[in-house]
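Using the supplied hints, reconstruct the complex from the two chains, each of which is provided in its own coordinate frame.
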Amino acid sequence: MITVTRAPPYLTVQDTGRKHSRSSGVPRGGAMDLFALQVLNAIVGNALDSAALEWALGGGTVRFQGDCVFAIGGARARATLAGRGIPSFTTCHARAGDELTVEQLIAGRFLYIAFGGGIEVPQILGSRSTYLPGRFGGYNGRMIAHNDSLPLGAHPHSTPAEGFTCPPELLPRYESAAVRITRGPHADLFDEAPWHTLTETEFTVSTASDRTGYKLKGSALSDSVGNLPSDASCQGAIQIPGDGTPIVLMADAPTVGGYPKIAVVAEADLPILAQRSPGEVVRFQLVTIEQSQRALKRCASDLHTIRATGAASA
Amino acid sequence: MRAQPLGDSAITIMLGTERSAELLNHVHAAAATLAAERLAEVQDIVPAYLGVAVFYDALHTSYSEMAPRLLAVCERATASTAVSDKNREHEIRVTYDGSDLVQVSVSSGLSVDEVIARHSSRSYTVDLLGFVPGFAYLSELDSALQLPRRSQPRPRVPAGSVAIAGAQTAVYPLDTPGGWHIIGRTDRVMFDPLREPPALLRAGDIVRFVPTP
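Heads up: the protein sequence lines correspond to chains A and B, in order. With the first letter of the first sequence counted as 1, position 177 gets the number 177 in the working numbering; the numbers rise by one all the way through. With the first letter of the second sequence counted as 1, position 160 gets the number 474 in the working numbering; the numbers rise by one all the way through.
By construction, these hints were calculated from the structure, which means they are not laboratory data. Everything numeric in this text was worked out from a predicted model, so none of it was measured. Every residue, glycine too, gets a C-beta built ideally from N, C-alpha and C. Don't take each hint at face value.
What the hints assert, rightly or not - Non-contacting residues of chain A with respect to chain B, defined by C-beta distances greater than 10 Å in every case (computed): (1) 77; (2) 82; (3) 199; (4) 280; (5) 281.
Said to hold, decoys possible - To be clear about the criterion: a stretch of chain B counts as covered by chain A if any three or more of its residues have a C-beta under 8 Å from a C-beta of chain A, and this derived list gives those stretches: (6) 358-367; (7) 496-509; (8) 512-520.
Unchecked claim - From the structure, some residues in chain A lie toward chain B, with a derived Cβ separation under 7 Å: (9) 124; (10) 182; (11) 229; (12) 230; (13) 231; (14) 234; (15) 264.
Extracted from the complex, chain B is given alone in its bound form (with noise of 0.2 Å):
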């Protein structure tokens, strides 16, 4: 586990080196400790794939100050095990009719009831936050689905869209450019600048994805 600058205002924790499930358990579990901790200082806290990054008021400390406070909150948060079963959990409804459903289904081999199938009998886990606001990356898709990303990108995908790439699955939350496969839309709002917290979605969440006809 180290620290490093981000700029001024910023410190990275790293807790590892190799992207896992395990390590993205352990960015969760570091990420919740230090919200948990309410440090005055502490304005922002960013988890990603291999550690966790910390946005600070800078004008009122330093770096050589934060720095050693924030690495033992998180070998404190990391020691211990067992935070998983908090996680919260959400069930979204999807209705299975995007415009690279049957595409999908002929790269897979499977029918495309089968891509349905596999698409929402599992449960997700929130790998991090980004993109573009609400923008969050699901983990782990079945074997069988996983593509590579469209070779061209839609320069407009609608909020609301399902989509897989790679090992991921997501839901876009805004009108946005996007090289996904579409597989479906949901009416759930995934992100809303009134809302407080605005993402639907935080980090180490749970979701799982229900067919409606």
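This is chain A alone, in the form it adopts within the complex (with noise of 0.2 Å):
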């Protein structure tokens, strides 16, 4: 068990999400970093999926009522355990009554952490994830405040050494320019200019960006197209509302919508845009949906190999 003494503004519970109600309206939701959530998972010995805290918008505290296994990483933060500097995707270990302390996010925006045996709140349509518009799933179906108490699971059988960290050439390249995209559904509709705007133009993260979507600012794409009948929608697609600017769904991207979808971002560079704050910039690159299926199982293959040395190293 633990509890959160000290909230940040934004704290959630989150996983992999729910992958089988969409057909009913349900957005898959889950982590906004899905890469950082399931190497931390690696990292303490954790089944790939187990749901850990995601985390932004400042600091707080949490602390541990037994000996626990656990890792941060995503977002880059300040963080001390017992008063000690921890770094990220890096296995800890605590001791009963020791305290985590995120001082502060240095750059990204969501910081995750993960525990040995995982946040076991109840799974609801398969999944442990929080769906604040809902309201459920996660801890109640809410933000989780000061003095809240989150049950952990079994811990795993072997866990990494303590200090085990995830090989750094194998850590997401959230430094990396260029997110790559593929074709979306209606990428037909759009002549070469807005093509040109898409992939040829800078970007940035605009403040009106959440778990649902950002919006992003730069030069409008021409020849909107104008609301379609709606379709079904997924996390990373590139829509094109009326006044041009993209919106690109994220994680609790609804399951239909009728902007046109002129590209859909591809799923091993999502957690880069996800880290991106307001005001950063970022730049598409055009791939095929081989290429782009293909750093997807890149990004499996990498876990896989995290999990392995951090056994190797138990």
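And the structure:
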């Protein structure tokens, strides 16, 4: 069990989301940075889809009620355990009564904290993820507040040795300038000029960005197509509303929508975009679906490598 | 009919280009047949107006492998006819006392009783679900009741509100912002995350509204 003795302004439980309820209109949800979540689960010896804390917008403190293995990562943070600084993406051991304090998020948006055994809130529609707009999942469907306590699952049979660090070449490349995209279902409705704007100019993430979508600032795409009959949407879909400025749908993307979807962000690169703060730059690079799916499979094999390396250190 | 990627983990099968009741029947038939196939890689099936999207496990297959298989299933599903008689039917009891009922009466030039009679005297088809969990778009509304959305959406529409906009009607499943005209309310739980499936309605279902005093 852990107790959040000082909660940051945003704190929820997230896992890899709901993959089987879209026909009921339920978004997949789950962690904004799925790769960081899964790396951290590997680092503490959990199943990759275990639930962890998704943390943003400020500092806070978590108290461990029992001995526990944990790891932090995703956004870069200045954090301490019992007063001593701890590195990201590294296996840490806490003792009962220890306090983990996140002093400040330095870069990126979403920090994840995975605990050995995972956070054991009830599964709803196959996931422990918090869906705030629907007020279900996670911790009673809401954000975690001061003095909320969260149960942890049974300790994993084997955990990596204290101080095990994810090999740096396998970590997400958050500093990467380009975010890969594939052609979306309405790609053909846009001619050369809007495609040139999308792939050859820079955009910045606007302050109108949350778990549902990131609105971008930059040159408007000409030839906006207007509304279409609603069709299925997905995480990473880049939709072009009437004013021509792209909105990238994120973790809580609605299941259907009527704006044309010119492109979709590669799943392998969605974490890079998710970690961009308002005002930060994003560039898009068009790749084929084969290249994009290969990149996703590469992420999965990297996760297996991290898991195997960690297990060997135990 | 053609397949297109919708990102790394989904394929959209487009069955047509123009919205129509007939095309929707094809879409619902394709979705039902795809579900019945129980393909191991398939995770979710999302029918919409012009086609159906299939979400799949991209770590164990690929777009080029899945697209022809899904197209073949959809071709087969839409070739056969007479699937509509298998649709599930629902009766939803409605108290017609919504805050926009009088305004709808004024805008349509019909009496309040006539608005209620026209809304409750026909059966509707669930076109698709979306917007928020459990929100079912129902067609087709009596033409005299078809109004544009409210110019000012409400910040909060209570769950259970029965509303109309354009050619459609719906029941708000959750407390959400909303721009439709509220004409009544129901006690039916349209969405319950603890239920499987969580949404009461499914694309292709038939719905009738029954006035209660």
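The hints, checked one at a time:
Even its closest Cβ contact with chain B, about 29 Å, leaves residue 77 (chain A) beyond 10 Å, as expected for a residue assigned away from the interface. For residue 82 (chain A), the shortest C-beta to C-beta distance to chain B comes to about 38 Å, beyond the 10 Å cut-off, and the non-interface label holds. Distance check for residue 199 (chain A) against chain B: the nearest CB is about 17 Å away, which clears 10 Å, and the non-interface claim stands. Separation of residue 280 (chain A) from chain B is adequate, the least Cβ-Cβ distance of about 23 Å exceeding the 10 Å criterion.
With a least beta-carbon separation of about 23 Å from chain B, residue 281 (chain A) lies farther than 10 Å from that chain, consistent with its non-interface assignment. Closer than 8 Å: that is the beta-carbon criterion, and the segment 358-367 of chain B has 10 residues meeting it against chain A, so the requirement of 3 holds. For the segment 496-509 of chain B, the stated coverage by chain A is satisfied: 3 residues place a CB nearer than 8 Å to a CB of that chain, which reaches the threshold of 3. Counting residues of the segment 512-520 of chain B whose beta-carbon sits less than 8 Å from any beta-carbon of chain A gives 4, enough to reach three: the coverage restraint holds.
Interface restraint check for residue 124 (chain A): the shortest CB-CB distance to chain B comes to about 5 Å, inside 7 Å, so the restraint holds. Interface restraint check for residue 182 (chain A): the shortest CB-CB distance to chain B comes to about 6 Å, inside 7 Å, so the restraint holds. Given hint, residue 229 (chain A) at the interface with chain B, holds; its Cβ is 4 Å from that chain's nearest Cβ, closer than 7 Å. A cut of 7 Å between beta carbons decides the hint on residue 230 (chain A): the least distance to chain B is about 6 Å, and the hint holds.
Interface restraint check for residue 231 (chain A): the shortest CB-CB distance to chain B comes to about 4 Å, inside 7 Å, so the restraint holds. With a cut of 7 Å, the hint placing residue 234 (chain A) at the interface with chain B holds, because the nearest CB-to-CB distance is about 5 Å. A cut of 7 Å between beta carbons decides the hint on residue 264 (chain A): the least distance to chain B is about 4 Å, and the hint holds.
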